[in-house]
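Q: In order, the protein sequences belong to chains A and B. Note that this note's numbering gives residue 369 to position 369 of the first sequence, counting from 1, and the numbers run on in steps of one. In this note's numbering, each residue's number is its place in the second sequence (first place is 1) plus 1000.
Keep in mind that the hints were calculated from the coordinates and are not lab data. Beta carbons: idealized from backbone N, C-alpha and C, even for Gly. Warning: the hint list may mix true and false statements.
[As the list claims (entries may be wrong)] Listed below are several chain B residues computed to face chain A (Cβ distance under 10 Å; list not exhaustive): (1) Glu1155; (2) Gln1157; (3) Pro1159; (4) Ser1298; (5) Ser1302; (6) Tyr1303; (7) Leu1305; (8) Gln1306; (9) Thr1318; (10) Gln1321; (11) Leu1352; (12) Trp1355; (13) Ala1356.
[Unchecked claim] The calculated lysine-lysine pairs, modelled on DSSO-like cross-linking and capped at a C-alpha distance of 27 Å, are: (14) A:Lys154 - B:Lys1342; (15) A:Lys267 - A:Lys299; (16) A:Lys154 - B:Lys1346; (17) B:Lys1244 - A:Lys154; (18) A:Lys366 - B:Lys1188; (19) A:Lys154 - A:Lys346; (20) B:Lys1085 - B:Lys1136; (21) A:Lys267 - A:Lys346; (22) B:Lys1367 - A:Lys154; (23) B:Lys1367 - A:Lys366; (24) B:Lys1373 - A:Lys366; (25) B:Lys1188 - B:Lys1199; (26) A:Lys302 - B:Lys1346; (27) B:Lys1092 - B:Lys1133; (28) A:Lys366 - B:Lys1342; (29) A:Lys346 - B:Lys1367.
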Amino acid sequence: MLFSLSQTFLSEHLQIVAKAIATRSTIPGLDGILFECDGNDLILTATNMELGIQTRFPAVHKEKGRVVLPGKIVDIVRHLSAESVQIKVNLDNYLTEIKSGQAEFQLYGQNADDYPVFPTVLPEQKECSFNIKSGELRRLLRQTLFAVSQDESKLAFTGVLFTLSGNLLTLSSSDTFRLATTSCHVTAATSDATFLVPAKNLQEVLRIFAAEDRIIEAVLQQNQLFLTSGTTCLSSRLLEENFPDVQRVIPQKIIGKASINTANFIKALERATLLAEGTNHVVRFSIGENTMVIRASSKYGKIQEQLPISLSGEGVEIAFNARFLLEALKIIESEEFILEITGTNKPCIIKDPLAPGYLYLVLPIKIKNKLK
Amino acid sequence: MRSIIHVDMNAFFASCHQAQNPGWRGKPLLVAGDPQKRHGIILTASYEARKYGVKTAIPVWQAKKLCPQGIFVPPDHSLYTSYSKKIFAILKEYTPLVEPFSIDEAWLDVTGSERLFGSAEEIGQMLQKRIAKELKIPCSVGIAANKFLAKMASERQKPRGFTVLRQRDIPSVLWPLPVEEMVGVGKKIAPALREMGIKTIGQLAAMPKRLLVSRFGIMGEILSQLANGIDDSPVDPYVFDTAKSIGHSITLPRDIDKPEEVARVLLDLSERVGRRLRRGGYLGRTITLTVKDQNFVSSTRSYTLQEATCLTEIIYRTALQLYQTHFESWRKVRLLGIAVSKLQLKEKGSQLTLWADETERLNRLTKATDMLKDRFGERILCRATLFQGHQPD
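Bound conformation, chain B alone:
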């Protein structure tokens, strides 16, 4: 039997600001995007603000109405990253088996640490106390025999929750919960489960597996297992080291439909993605383009190249081709995203090609511009087409 702890920071973005500014602690604090731009929605509200009915993703104007005395701050991602690093450093003192789930969530497998630091419950309490005391960040802790149950446990109580979910608690604690609250059940699956008459996790657990498999495929199998509290997945500390895809997307400040404007944004995104691929030493074969139009309808198209690439130009050309082939030009574009997947690590030797004068040139050019950017910063140079619309940020 394993001992897994799930740690989940409470209102993480807001907590970071409150931890940094003692004057803001205990007050309603709201992290919101720039109200002038499209990002004028609440990203995170502190628990003090949530009392006024402020929820994540509501527009800023609405939040101001609900909570006029609230402190509104713009997001500061470098602050969150620095707190996140400190938190993970504490977690790793207790076991090397720490699997990050996001910037503010992680699993720990402490099965082997119990002789050193005490029982899983004791370690969990120590973690919670230390993070609160040393960093002033509140968190919820869940403890169980596997990752799924540990996460379900930490979700039970917020903020500053501490929940142990034992195998014997499954029927009384897990099963009465609505299926929507189950990890792994998203917006797409939940309505489908409802249609099948499944309202609670217990009903899902009782459902014959073959019915779920015939409806959801492999996901049905997983759902059935999870609902019964079975999850054999290991805590994988390297889960983020082996990236599956690298992508970027941007919600535009205003809807655009001019082909040259779309092309410019695609070029910018391609460069960001290309740069990240090259930095990680990756090559990717599948280029995926996501477009969300003015009616919030989003669609995705992808193309798989014969040869893996990390070149901005190739990513851009493929993305542009996808856009031109699959998206009607009358649709106004609200969001654009490019992702590169089927990643492989750049091999030491590279196969030379015939008539490759262009690729060779691009390779040399990319190497040179990457070197300049590494040394003098991202803004040392940019493409002329991007320069026009470039605003110092």
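Next comes chain A alone, as it looks inside the complex:
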């Protein structure tokens, strides 16, 4: 097995698959990358059984073959400074020579026969498929990924819920303290479906499918989600957990609606957080007709700040974990955002006029309603 190609090109593709390399695995070879030459293309594969990434591209090569090279290959290729790289594998003992400029590496490769087969999309086994623009998918993910739970004991909440109904795809995520939900239209949807995808695999989607205007084909098959764009394919295992009913917790009755300047509010919140108390960063808000008063206090002192707003309907005295607000506000695109009020010790809803399908619901910190 022998091939040569440009260092930057190979390095780029190695970086793409690198994130799926298993860090702790009992299966031999999973801590490496599978290299395959099939006569036309070079195919790189990495999988940790939860997440798999495969990418293929044409490479000048003379011999077919397969080998698993240690994960170190990623760094090795990245550090090469000559323009082209030549890789030569002795298929008898998998000793691999990497030559680039004056540098010569010898790596101990492994037999690829034990490497798990990368699941392939089979047209007859497709349960559901649809096409989505990479820019749209990236937006949906940015609007939901931050709200997932980091708590492995609440497994369902470590994933993002995908609900496909007709041509409308809705993504929802929650850590039980807040809930983010957003949607967009997709094309070529075959059937309705609901599935839960681990958030950490979706982080890789953001990284891999960076271009904004490519079409990503999504396929659901045998408890796996496949996302394919061009010559790169990502497969993620789905979470077999029940995600609770999202619609049930979205309040229907809004008692007040405030329009607030996004940038000013973020700055004021960040100031208040400096003195916010405890691990849940308690910041109190008195929302009145034309102003909102933001207060925070801790053993170090207190802060109070007034912010002009425009309110229709009733105001409220309420407290939130400042972090939960800040994380949501940082993805608001509009100059002014909408805060919908449902009552004391009841959730608020944040909406972005520039992102119609987006809704962020955040639960308050319980307070005794006493105006100071």
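The hints should help you fit chain B onto chain A, whose structure is shown.
A: Chain B in isolation, oriented as in the chain A frame:
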């Protein structure tokens, strides 16, 4: 230079019984668990009984053989607590800086009290006399410039010892002692020190610090300092106010292996721990389960929750999960323990959660049952699963 006094009651449990019953004074008295149950071991023997070779932790039958005329009494913890309170009240007359080490031991920093009450030696003697006269409890007193040396001093002479350990006495008094007698050297470290050829505290003091650090980590650093008589730790009167963990364990009357029996004991323990957490206004994140099996092999496993809790149900579920994941069901269980750590004080506001109908319900239920228990006593109500095996005690 500080003046630290360490006060250590002699044979405290036995002394309390003797103080309360004048007829028992001067006689061999043994505090022992119920011989019928597993706790049939000697908890404390009075000094009169120790003359017959009775030691703490030997079985009752053996103690009876050694000291047939001994008076055997069951433990009475409320008695010990009441004496302990009286003792601490006396100690606090001399300085507010009293750090309890256990129910019957404390450090006093009297550096600032010497102008009021006399030198540390005089205060120490006064304390010893007053506790003996007013409460009829003997104690040993150690005086030195830091906590470690003060404790080492009070250990020198028992009962009714009075030892002053000065900096200049370190080579002659401290260093010849075997390392096992050093405070901070336990069952685990002592053999390791022996392996390194360290037999006395002096040898430990002479050992290059880096060797101890490479072998014991941070503990090596501390050991090296202590052995040289250096201890900067302050006398902290609030040491028990900021709990690090809250736990309960129980040695079962007989070994059990049925999952439902284990579950029942875990539920009982969870309730006790939960109740103490809630009473102290604590929430904890890490749940630790300790299991000792029929061969006295004990193992500990813990799990850290994302959110701190004080709810019996959550503690129970986590402990049960730990048991089911980590302990083979063929192992018979002799002791079970649950502890909750990574404690934080309950904050005034609590973050509300979505789909939290269950937690909300549990919170309300717990509040109600706690209120009933506070008002009518712990036995006013209990869980039905615990009721079956419940015996009035």
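Q: For every hint, state whether the structure bears it out.
A: Going through the hints against the structure:
1. Glu1155: For glutamate 1155 of chain B, the interface hint is violated, since the closest Cβ of chain A sits about 40 Å away, which is over 10 Å.
2. Gln1157: Nearest chain A Cβ about 46 Å off; hint violated.
3. Pro1159: 46 Å, violated
4. Ser1298: 25 Å, violated
5. Ser1302: 13 Å, violated
6. Tyr1303: 8 Å, holds
7. Leu1305: OK, holds: leucine 1305 of chain B within 10 Å of chain A, min 7 Å.
8. Gln1306: Check passed: Cβ of glutamine 1306 of chain B comes within 3 Å of chain A, closer than 10 Å.
9. Thr1318: Status holds, d = 8 Å.
10. Gln1321: For glutamine 1321 of chain B, the interface hint holds, since the closest Cβ of chain A sits about 9 Å away, which is under 10 Å.
11. Leu1352: This hint holds: leucine 1352 of chain B lies near chain A, its Cβ roughly 4 Å from the closest one there, short of 10 Å.
12. Trp1355: The hint holds - tryptophan 1355 of chain B has a Cβ within 10 Å of chain A, the shortest such distance being about 5 Å.
13. Ala1356: It holds, given that the least Cβ distance between alanine 1356 of chain B and chain A is near 7 Å, below 10 Å.
14. A:Lys154 - B:Lys1342: Distance of about 20 Å is within 27 Å: holds.
15. A:Lys267 - A:Lys299: 22 Å, holds
16. A:Lys154 - B:Lys1346: 22 Å, holds
17. B:Lys1244 - A:Lys154: Status holds; Cα separation ~26 Å.
18. A:Lys366 - B:Lys1188: 48 Å, violated
19. A:Lys154 - A:Lys346: 23 Å, holds
20. B:Lys1085 - B:Lys1136: 14 Å, holds
21. A:Lys267 - A:Lys346: 24 Å, holds
22. B:Lys1367 - A:Lys154: 25 Å, holds
23. B:Lys1367 - A:Lys366: The given pair, whose Cα atoms are some 17 Å apart, holds under the 27 Å limit.
24. B:Lys1373 - A:Lys366: With Cα atoms ~26 Å apart, lysine 1373 of chain B and lysine 366 of chain A stay inside 27 Å; holds.
25. B:Lys1188 - B:Lys1199: 15 Å, holds
26. A:Lys302 - B:Lys1346: 20 Å, holds
27. B:Lys1092 - B:Lys1133: Given that 27 Å is the threshold and the Cα spacing comes to 17 Å, the pair holds.
28. A:Lys366 - B:Lys1342: Between lysine 366 of chain A and lysine 1342 of chain B the Cα gap is close to 23 Å, so the pair holds against 27 Å.
29. A:Lys346 - B:Lys1367: 22 Å, holds
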